[in-house]
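K.L.:
Position chain R relative to chain L; hints supplied.
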Amino acid sequence: MYTTVDNDVNIEWTYDPRPLVKVTGDNNNEVFLVQIFEYYKGNTIPYLLESYLLPNGAIFQYNVTYYGKFEIRVIRFSDEIGHYEIFRDVYDDRGKDVRFVLNTKSLAEEELMIGSVNQYIKENGCNPTIQTKIYNSPNFEETKQTLEDSFDSMSFDSPYYKTFWVGRNFWYGDNHYEHRFGYISYGNWRLFWSFHNPRDYYNLSAVEVAEDILGLTEKYNKHDGFVVTPSYL
Amino acid sequence: MSTIYGLNGGQHDAASCLIIDGEIVACIEEERMTRIKAGNNYFSVPRLSAAKIQEIYGVGPNDCDHLVFASEIPGKYIKTELKPKKFNVYDHHDCHAAAAYYTSGFQEPTLVVTLDGGGVDDSLGVYLGKNGEINRVLKDKFYLNGQIAQLWGYSLHGIKGYDAEKGGFVWKFCKDEGKLMGMAPDGYYDERVYNILRKAVNYSNLQFFPQDTIGLARLISESMRRMGYFDTDEGIAVYAHNLQKLTEDLVLEFLDDLHKLYPEYTKVAFAGGVFANVKVNQKVNQLDWVDEIYVFPAMGDNGLGTGAAILKCRELGEGFQMPVRLKNVHLGVSYTNEEVEEFASNYDFKRKPYIPSEVAEYLNDGEIIGWFKGRFEFGPRALGARSILVRPTDYDTHKELNSRLKRYDTMPFAPIVMKEYFNEIFVEEKSQYTAEFMTLCYDTKDEWIERIPAVIQKSDKTARPQVVTQEGVPMLWEILEEYRKLSDIPVLLNTSFNAHNEPIIDSPEHAFVHLNNGIIDKLVIEDYVYYR
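Taken in sequence, the protein lines are chains L and R.
The numbering used here applies: residue 8 is where the first sequence begins, and numbers increase by one.
The numbering used here applies: residue 3 is where the second sequence begins, and numbers increase by one.
So that you can see chain L by itself, here it is in the shape it has in the complex:
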């Protein structure tokens, strides 16, 4: 996706497979603040996840690939009026092309996962493409490997609004922000097991894994304003 804002600032962004933003202005010496927020289910207040100061032309990424109702904001600075927002976009896949890759070798699991995917499609109204190993993807392993290999690459060219990796995904970037084991990253308040799964999946059923990734089972236990996310539970 692409837009020009504030007369001279070009912004490219995507949510596939994770939030990615590029900000380019006319002034090479300028920096921009890119913020990523998240709306928890049923909550109208956006919570800051992370922000990054971007030199002109640089790219910001937030590595989580599973569901989040993310909001991207770009903030600019003027020495006359201070900081001001020049761009805001909220994740909304209604009517958009969304790909679901069912990453399991088990037919039984796949059938269970399909149920969750159908529920997501029904709730969100996206235009789905479903790729599975067993039914309709003869090149599934190749597709899967290509996606894994491309995790680190940054591209705004995907034909999909979002790709969901539904399964026990490859373990890349695990657990770095886990509070309970003593790590904390300011501003990054969503806790996750890996970039691809919100919870440790070893003891979860296929349905639980799928619902986690699709954001169907998020439980919110408000206490004094802080929202508990799946990995807290």
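Don't read these hints as lab results, they were simulated from the structure.
Any given hint could turn out to be false.
If you only want the chain R side, here are some residues facing chain L, beta carbon under 10 Å, derived [stated by the list, open to error]:
id: 1; residue: GLY24
id: 2; residue: VAL27
id: 3; residue: LYS162
id: 4; residue: LYS177
id: 5; residue: GLY180
id: 6; residue: VAL195
id: 7; residue: ILE198
id: 8; residue: ARG200
id: 9; residue: SER206
id: 10; residue: LEU208
id: 11; residue: ARG228
id: 12; residue: TYR231
id: 13; residue: THR234
DSS-like mimics (lysine-lysine), calculated; alpha carbons at most 27 Å apart, straight line [claimed, not checked]:
id: 14; chain 1: R; residue 1: LYS88; chain 2: L; residue 2: LYS48
id: 15; chain 1: L; residue 1: LYS129; chain 2: L; residue 2: LYS103
id: 16; chain 1: L; residue 1: LYS29; chain 2: R; residue 2: LYS201
id: 17; chain 1: R; residue 1: LYS54; chain 2: R; residue 2: LYS87
id: 18; chain 1: R; residue 1: LYS181; chain 2: R; residue 2: LYS352
id: 19; chain 1: R; residue 1: LYS177; chain 2: R; residue 2: LYS354
Beta carbons: idealized from backbone N, C-alpha and C, even for Gly.
P.N.:
Below, chain R without anything else, positioned relative to chain L:
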């Protein structure tokens, strides 16, 4: 009765505290042991400080009766190194508040306020302290969460930028905020800069906002540096001045709102990094409705372990049932004359017995004296255990001392003042107990400004005194008295005993290096004076 270890670590300012039978017997910051300033060693754990306390008292975190932590806990250290059978964790802000309230000595209703860069999920706490109990009445809403401390901390990165050769920011958060604050009096109010900053952290209706103070602080300071605002010291001073004014305004607006809600609470106790700001504390102290303020001497996260241990102590019914007053915070490591002499044997120094009147004469003659007495202090200030003392009467002392210590701070040096003469020298008379720990500024009376110029801020004529009582720090009081007899001035300049970018010294070894390098002229160390 029990032994209780209170530890804090995992992020900045790790420290260890030991309470035995309801009394705080030891508190040591990790930076004193590692010899790396906390701000240069961000993710530290209280490994060496706990070991040192264990060495002194024969009881360690694993064999004490109760081990407690303040959140956020150093999980990896606990799991892989400490491996305790059992431990308790107390809330970050509860620990700040407990440390502040239960060492305030306040028997009256007390408003306890904690403000910092962020605990686990909040950056402020308001508690009501009454009859020995504290109850939290306010925390910030996470989705608002404007953090004054972060505005200071992350402004530092932008102001001085990144030094590729050293692989880090020139100014670091949790370390150099004082430098920026020290420049504030040299700046001036600029409505535009003030408003820019106020958009990044604002306050209304008991909440600070907006979210992402860190990001906004970085955007503002980095952009302003790129635009050339910080090319001169004057530009930095203007930023500092307006940031300082904003901080004062926000804290005062917040406190005034709290006072409207709780008008009977006229004593105020503080902890959290924001209250390392001595000018903010001064402004609060000047409020008419405030009877007295108290700031916990280790007001940053270095005080969290102490707060946790106090909470455990109260739970057990073994102490701190009502707030007490600290005699002093000399809770670190001490050395015997024999141990000192062992260190001295590496050098060719002369030595003679310490006679206070003689040392007072050296001071009166303008010599720079290293002062090493007893157990070192807990908290960021040198309070007469590891200090450098100089007469306060010379304008040029600032330049001379900075040159010897290789410091580049514009922060003025602080005075130590005999309690008996405090009211003669300073305008406000309130809150002298907290001033024993050098936690707030005072306006200086006109007649003293010219007499003690080395310890007065040139622009605003304030000073950050340590009130010295005969009971609290007897040897420091004695040298002040001897100097007063000679000069008729009951004040000395006191600066921390450390070179640029180092923590305050710990052992005689470090003190002798300073003497050997000519940083100090003479070294008073325990019962002797060493000199070249």
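K.L.:
Decide, hint by hint, whether the structure agrees.
P.N.:
Status of each hint after checking the structure:
Residue-level restraint check for R:GLY24 is violated (minimum Cβ-Cβ distance to chain L is 30 Å; threshold 10 Å). For R:VAL27, the suggested interface contact is broken, since its CB lies about 28 Å from the closest CB of chain L, more than 10 Å. For R:LYS162, the interface hint is violated, since its Cβ never comes within 10 Å of a Cβ in chain L; the closest pair sits about 15 Å apart. Given hint, R:LYS177 at the interface with chain L, is violated; its Cβ is 17 Å from that chain's nearest Cβ, farther than 10 Å.
The closest approach between the C-beta of R:GLY180 and any C-beta of chain L is roughly 22 Å, which is over the 10 Å cut-off, so the hint fails. Annotation: interface hint on R:VAL195 holds; nearest CB of chain L at approximately 9 Å, less than 10 Å. Annotation: interface hint on R:ILE198 holds; nearest CB of chain L at approximately 4 Å, less than 10 Å. Because the beta carbon of R:ARG200 sits about 8 Å from the nearest beta carbon in chain L, less than 10 Å, this interface hint is met.
Interface restraint check: R:SER206 against chain L, minimum CB-CB distance 17 Å, threshold 10 Å, status violated. Annotation: R:LEU208 was flagged as interfacial toward chain L, and the flag is violated, the nearest CB pair being 13 Å apart, outside 10 Å. Hint status for R:ARG228: holds, given a least beta-carbon distance of 5 Å to chain L, under 10 Å. Among the interface hints, the one on R:TYR231 holds; its C-beta lies about 7 Å from the nearest C-beta in chain L, closer than the 10 Å criterion.
Given hint, R:THR234 at the interface with chain L, is violated; its Cβ is 16 Å from that chain's nearest Cβ, farther than 10 Å. Between R:LYS88 and L:LYS48 the alpha-carbon distance is near 37 Å, which puts this suggested pair outside the 27 Å criterion. This hinted pair checks out: L:LYS129 and L:LYS103 have alpha carbons roughly 13 Å apart, not beyond 27 Å. Using a Cα cut-off of 27 Å, the hinted pair L:LYS29 and R:LYS201 holds, with the two alpha carbons roughly 25 Å apart.
As the CA atoms of R:LYS54 and R:LYS87 are separated by approximately 21 Å, the hinted pair is consistent with the 27 Å bound. A distance of roughly 37 Å separates the Cα atoms of R:LYS181 and R:LYS352; the hinted pair therefore is violated under the 27 Å criterion. Pair hint R:LYS177 plus R:LYS354 does not hold up; C-alpha atoms about 38 Å apart against a cutoff of 27 Å.
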